[in-house]
Amino acid sequence: MIRHLLLCSLFAATAMAQAPHEDWRTITTAHFRVHYPAPFEAWATRAAGRLESVRDAVVAEVGFAPEQVTDVLVVDPVAEANGQAIPLLDTPRMILFAQPPGPETQIGEYSDWIDLLTVHETAHLVHLLRPSRNPFERFAERFLPLNPIVLRAPRWIFEGYATVIEGRITGSGRPSGSMRAAILRKWALEGRLPTYAQIDSDRRFLGMSMAYLMGSAFLEWLEQRSGPDAMRHIWARLTARQRRNFDEAFAGVYGERPDRLYGRFVAELTERAVALARSEAPREGELWQETSRGSGDPAVSPDGKSLAMVVRPEKGDAKLVVLSTEENEEEKKYQERIEKILKRDPQDVAPVRGKPLPRKPRHTLKALDGGDLADPRWTRDGASIVYTHKQPDRDGVLHHDLFRWTPAGGENTRLTHLADVKDGDPLPDGKRAVAVRDRFGFSQLVYVDLETGAVTPMNEPSLDVVYTHPRAAADGRIAWSEHRGGVWRVGDIEGAFSPEWGKDGALYAAVAKGGFIDIVKVDGLESPSHITQTLGAAIDPAPSPDGSLYFMSLEPDGFVVRHIDVGRVLNPSRPAEGRSFVPALPPQPSQPVALRTDPVTQRPYGLGRQEISTFFGGVHTSFENDYEFGVRLGDVVGRLDTLLIGSTRGAALASVWRGWPVDVGLHLFRADGERGAEVRGRWDATYPRSRLVVEGGTGSRSFLHASFATRQRRLAYQRLDVAADSDRHLRVTARAALRAGGFEAAAQLTHGRRLAVGGAASSIEPVSLLIARVLDPALDRGTLDGERYRGERVELRSGAVAAFWQRHSTNRTIDLFGLEATLSRDPLPIVKAAGLDLTAGIARVRQQRKTRAWLAMRWRP
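According to my numbering, numbering within the sequence shown proceeds without interruption in unit steps and concludes at 862.
Note that these hints are calculated values from the structure, not bench results.
Glycine included, every Cβ here is placed at the ideal spot set by N, Cα and C.
Be careful, since some hints might not be right.
Per label pair, the in silico range of CB-to-CB distance [stated by the list, open to error]:
id	residue 1	residue 2	range
1	Q611	G742	25 to 33 Å
2	Q713	D465	38 to 46 Å
3	K344	R690	33 to 41 Å
4	F818	K361	50 to 58 Å
5	Y335	S691	20 to 28 Å
Calculated cross-link-like contacts (lysine-lysine; reagent style PhoX-like; alpha-carbon spacing at most 20 Å) [as the list claims (entries may be wrong)]:
id	residue 1	residue 2
6	K367	K341
7	K334	K316
8	K367	K333
9	K320	K367
10	K320	K361
11	K514	K306
12	K320	K333
13	K306	K361
14	K306	K333
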């Protein structure tokens, strides 16, 4: 059990994948098995053809060649660019998200997305699959298949090392990108660089990214001191026969503890950033609105009186706001308050202000189902805003869709349905929008009908070209940014992205070059003239009809809105020699390794390769102790999952086939002298704000169980469960919850017929046996049993832990209150883990005047 819980906590994101019932295919190479749904075939075939060459290049850098075969999943579950490596020594995994990254992201500067992604994730596996040379640890690896590097080294060195290798092999990525340099430089100038303790994990803006950014820059700095073989020596010392912690292994290579050397690195980085700043003549405009974290996507209304943008606060969901561009009314109110204060006390001193007061939104939109909003664009009449919001399909996979919001009337209409379309900009005719479709790894430009939502291709989908930010001018011209030839472009201007049409047909764009990201004015798509000269990054230009420009400016707490007059352009004065300023400027890009493409052949996935894993658990209460041991047999996609379970109460064989839209399960069991079989089917569907699950079957008795759950922005959670069987057992449960801050207050009411109260569920019991029971591990099985049942529960929950009061009423009433921790998760086939329902707690039973404690685990396929 410990093994499974640790693996599941380490790799929680692996739950995201395409559904097992899709048409999966497999490509096998010498060291990889690549699995993918059929629509991803072109992307997966290209990736599979490169993987062996990528592995060879990474092995040459790391100095170790693991022989394990890695299972690779090609997916696109959340419509975002990402990847993941799972370094299990016995069955390593890799997850590749086909969605390409945009130019404004930290990984936006790349030569080829497939190459960058596969190099980074392969780098993780190659150095994290090195086994220990210590005999005891080699034995322990049979039960917890993770090497000492995974278990002892900090996160920053995993991600930093893979980031260094991504740059070294591809000649692109974060190390040579302008965004890394801009972030490190700006943070250094503001005295906001993370401490050594914060590199791994930090709640501040971009805090979780510092493992990649600061980690890679720190390792590059260390390499300059100790040579390119130093990192190999760390891995050798961490996996040596002599056991060492990370600090000991590090100090044995670099001669000092990592935190002390990191302090010197931070001092040097700050010194270089300050020296670079002194050589600059910054032009950043004026702070117009202070926002936080990843806020952005500003757009000025056609009349210039309003600015729409997405605000992404530190806590809570993103919101789309409309701000007035006219004089800030809050400034006048503020001055009146100060005058009153000084009038009452003339000796008082007015406060010094370094920034404008926040503007209150005229209109605000939050998605009812939560999640992000993006890319607001005004319709040509200035009455509505077209924006992007992700929506789930039936299997819970997210897709980009376009919506139209009319702030004045509050109308919010969904335009497209699971179309994978984003960033729509209305055309001059007002009837259509030009947008981007990213689907199955392909990118293309499309037209979207603003009434029907119909999507019409503008060009052919491509794996080689990535399109973003299509923008239509008043005269019908369309500009966009595209990634081709290894760089982003607007027209023929390399490094340019996020184009926007301004007054009199002028075109503006952001340009990343040489470690700086600035806004430029484009004349004839050939000769850019700088509008800004920043020490951080200036992105998302939003021209106004009055000739001025709004844009997003990078700060350590997030992006803020700045405003600048574009009447004067600049000839930027940048350092001619940048290497002396590294890492405040990027280092010289590495010469990329020439990667080959091997021919590959696909085949149907079928049942998949069945893998064996073990688990144990049981039910331990004040009334029973039931120990369980089991074996799981299943494939990496989760199409077929089988559990063989033995316990002190009996045994069971439970199997589920998920290769069809309806899951089909078989459960054979023997428990407490009772034997039986159950065949059941399960169908579930995900909707934007709700989920429906219907399950039914037959065996010793027939049963039906339906559950409907919905989440709203105001009423956090509502759920209705109905379960009944052929023996006239019936249970109906309604639950509602409100969320405030990090807490959730919930109330639950249950009515039933012929129900027994008490006990916990074991893994060997099928679903049909549980319908006749109201589970409560603080009570013995059958504590209450009557023709009619009523249950009430109130709880205050924070995360997995809840304080609760519970009442059970049949022919008599029992009250109890206590603390309970719960965990419920679906199977994670990619880490060979079965589904788990776990509860642990302690409660006081009022009528019995007893305090009861329990720990119960129920495994399911």
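Taking the hints in turn, this is what the structure says about them:
no. : hint                    : in the structure
1   : Q611 x G742: 25 to 33 Å : violated, 45 Å
2   : Q713 x D465: 38 to 46 Å : holds, 43 Å
3   : K344 x R690: 33 to 41 Å : violated, 52 Å
4   : F818 x K361: 50 to 58 Å : violated, 44 Å
5   : Y335 x S691: 20 to 28 Å : violated, 44 Å
6   : K367 x K341             : violated, 37 Å
7   : K334 x K316             : violated, 28 Å
8   : K367 x K333             : violated, 29 Å
9   : K320 x K367             : holds, 5 Å
10  : K320 x K361             : holds, 13 Å
11  : K514 x K306             : violated, 33 Å
12  : K320 x K333             : violated, 26 Å
13  : K306 x K361             : holds, 14 Å
14  : K306 x K333             : holds, 19 Å
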